[in-house]
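All chains, please: the whole structure from these sequences, using the hints.
What follows is each chain in one-letter form.
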Amino acid sequence: MIRAGLQRLASVFNNQGGILSRLITQNAPAQHQPIADTTKDVITTCNKLIEEKSHRNFAIIHLLGKQWRVTDGDLLVVEGYWPPNIGDKITLDKVLLAASKDFSLIGRPLVQPGLVTVTATIISKGLSHTRTHFKKKRRKQFMRINFQKAQQTILRINNVDIKNNINDAPKNVF
Amino acid sequence: MVFLTIANLIRCRGPDEFWRKRKIFRLAAHYIGRRRNCYSVAVRNVHHALVYATKARRLKKQDMKDLWDTRISAACEQHNITAFSMREGLERSNILLDRKSLSDLAAWEPKTFQCLAAVASRKLHLDGFIDGTDQKAPTGKNLNLDNVILDDWLKEKK
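Those protein sequence lines, which keep their order, are chains V and E.
The working numbering puts the first residue of the first sequence at -2, with every later residue one more than the last.
The working numbering puts the first residue of the second sequence at 176, with every later residue one more than the last.
Don't read these hints as lab results, they were simulated from the structure.
Reference excerpt, derived from the structure (chain E facing chain V, CB under 8 Å, subset only):
1. H222
2. V226
3. S268
4. N269
5. E284
6. T287
7. L291
Covered by chain E, according to a simulated footprint, are these stretches of chain V (three or more residues, beta-carbon under 8 Å):
8. 57 to 69
9. 93 to 99
10. 104 to 113
The beta carbon of each residue, even a glycine, is placed where N, CA and C say it ideally should be.
Spelled out as structure tokens, the structure:
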């Protein structure tokens, strides 16, 4: 599952011109290596990058039927009825894709549970501005006006964190 | 005032003329010329504006969808893959990103998008899928599919 995103690193290996080339030129170039070795190399490099935490991660999460690209400190406005209350801390578990500067993890359709944690706090709950629903038909004496407000919840994304190493056995988080 | 019969109730004109007009004039406050000063013109324009605002809420969603499609197909063109086959390939390899997030990636995370394009085209290649869409003069770069080292799971059936 996780290997899906790693081909980008593989391309860095082969091109010898990518960002990582500095790190990797001492190793044998991947072109003549069997595939299994390349895969291993890519995974170890990725794990190293994860441990260093040198760059900010982003993730695409699935929330209330919509997909959002989030990163640390983002604000999300979720519209419609949603039970959580102000101050609740929640983790957004449906992560479709997580990535950093030099690698991306692509889920089929979700990345393995426990690998990426996206935590969020609910900041405010309220109503949207008033939307006017106005209908009129010409020459038919038909006119209707209604006003509607939707419930809105504002979320602050606290952090997007890649917890485990790639290809570790999934820890049973649920 | 007491209305004893319904007939009289129908004839009742509602709130005072001043308040009735002020409601409209307030909404027309930012218009220019007679549209804001003259009631009979203002009321027409305010009604039009409210109807447009109501309809536009749906149109906005359609417009966003068109914009996302444009962005996705432009980004796909760079990698010599049509937007249709990109969609098909991702669907087949069980990657369920929607238009919104794909276009987001296309605009802001082009490297991730490139991975997705490579995975999609590799999957279609393994499935023996032929894209019927005629691409007469491909302008993008061909993806190096040797880099996709995912044959194991791409060969899996869904």
